[in-house]
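Residue-level listing of the chains:
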Amino acid sequence: MTPVTLPRQDRVNGGWQHEPDETSEWDQWLAQHAPKLLLFARQQARCEADACDLVQDAVVESWRLQSNGSPPPLGLVFATIRRRAIDLARREDRRLNREKAAHQAVPQDWFDSGVEDRERARLVQNAMRNLPEIQREVITLKVWGGLTFAEIAEALEIPANTAASRYRYGLEQLHKLTKEVFA
Amino acid sequence: MEKEQERFESDLRRIAPAPAPADLMERLRAVRNFSQPASRPEPRRSSGMIDFFLGLRWVMAATSVVVAAILFVRMETRPAAEARKSSPATVPIKANAVQVDHALVSSFDAVAQLPDGEPVRFLCRKWIDDVVMRDPSHGVVIEHSSPRLEVIPVRFETY
Chain A
37 MTPVTLPRQD RVNGGWQHEP DETSEWDQWL AQHAPKLLLF ARQQARCEAD ACDLVQDAVV
97 ESWRLQSNGS PPPLGLVFAT IRRRAIDLAR REDRRLNREK AAHQAVPQDW FDSGVEDRER
157 ARLVQNAMRN LPEIQREVIT LKVWGGLTFA EIAEALEIPA NTAASRYRYG LEQLHKLTKE
217 VFA
Chain B
62 MEKEQERFES DLRRIAPAPA PADLMERLRA VRNFSQPASR PEPRRSSGMI DFFLGLRWVM
122 AATSVVVAAI LFVRMETRPA AEARKSSPAT VPIKANAVQV DHALVSSFDA VAQLPDGEPV
182 RFLCRKWIDD VVMRDPSHGV VIEHSSPRLE VIPVRFETY
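Chains as they are written, first to last, in the numbering used here: chain A, 37 to 219; chain B, 62 to 220.
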């Protein structure tokens, strides 16, 4: 029996109904990029709740800027996360709450790994924590965010050459710190 | 050195970021369902009549701009043209011959005392100011008279 595709009545009374392919595109985009965004947000925020809020706010804000309703460029979302994180850090009351929460909260794992890689992931996370923030954010955006230096420069509002040099120095430093696990 | 760095980068990439918690994913999915971009385009209408009126809208806007431009140009050129055509009757009165006269009516002195007892003299003069304005071309004469009192305090000299 041949399946019959019925026409959908998606736009009723001028209202916008989401097409199934758009929804699946959105779900795919989220599945692919949400972990990267959260990894970056976790490094920018001091507690898990703030990191999740940063991701949500940045995704909403970036997506609203897209005139065609398509998922936003990843660089824009990273840049928005960073800006919102700076705003958050400037709010004194939020800072105090966050510091309290940071003392109480269980440290979140930045990386996903099986049992055999758990130790390696933990060492990389610790090494990343020991890097200067300016190097850590460039490495995160390049290695796990998949951005180019031009995109990183735009997201962090720095020259592309600066992004490249921070990446190079940061990667050398990270390599030294994790030599035992990547030998 | 370059190869070593590339190998290290690929080793790092093999460690994937931790998955986002389920509740965050739900929140992000809800974002898609409950909000939409402000500038999202309307679904395109395919009615021929509507397209015609949409086109007409631009024609009307362009026409109004052209009419406004013509009116502006006419207003700019009109004063010069009308000045050439206008009759002498419409020319405003010119106050070429103006005569001003001050006539002294009276002059007298008055004496008063300040609160501390010091005497003060007031030199008082009463004037009539006359202004006469003529425009021979129109045969117009305008006269105006107004009284004016001038008071000048003069301190007494004390020895």
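Everything labelled a hint here was simulated from the structure, so no lab data went into it.
Worth double-checking, as some hints may not be accurate.
[As the list claims (entries may be wrong)] Simulated crosslink set (DMTMM-like; lysine to aspartate or glutamate; CA at most 25 Å straight-line):
(1) A:Lys215 - B:Glu65
(2) A:Lys212 - B:Glu67
(3) B:Lys155 - B:Glu204
(4) B:Lys64 - A:Glu84
(5) A:Lys212 - B:Glu204
(6) B:Lys64 - A:Glu97
Note that this is a predicted model, so its numbers are computed, not measured.
Hint-by-hint comparison with the structure:
1. A:Lys215 - B:Glu65: 12 Å, holds
2. A:Lys212 - B:Glu67: 15 Å, holds
3. B:Lys155 - B:Glu204: Satisfied, since the Cα-Cα distance of roughly 15 Å is no more than 25 Å.
4. B:Lys64 - A:Glu84: It is violated: about 36 Å lies between the C-alpha atoms, which goes past 25 Å.
5. A:Lys212 - B:Glu204: Violated, at about 106 Å.
6. B:Lys64 - A:Glu97: Outside the cut-off at roughly 40 Å; violated.
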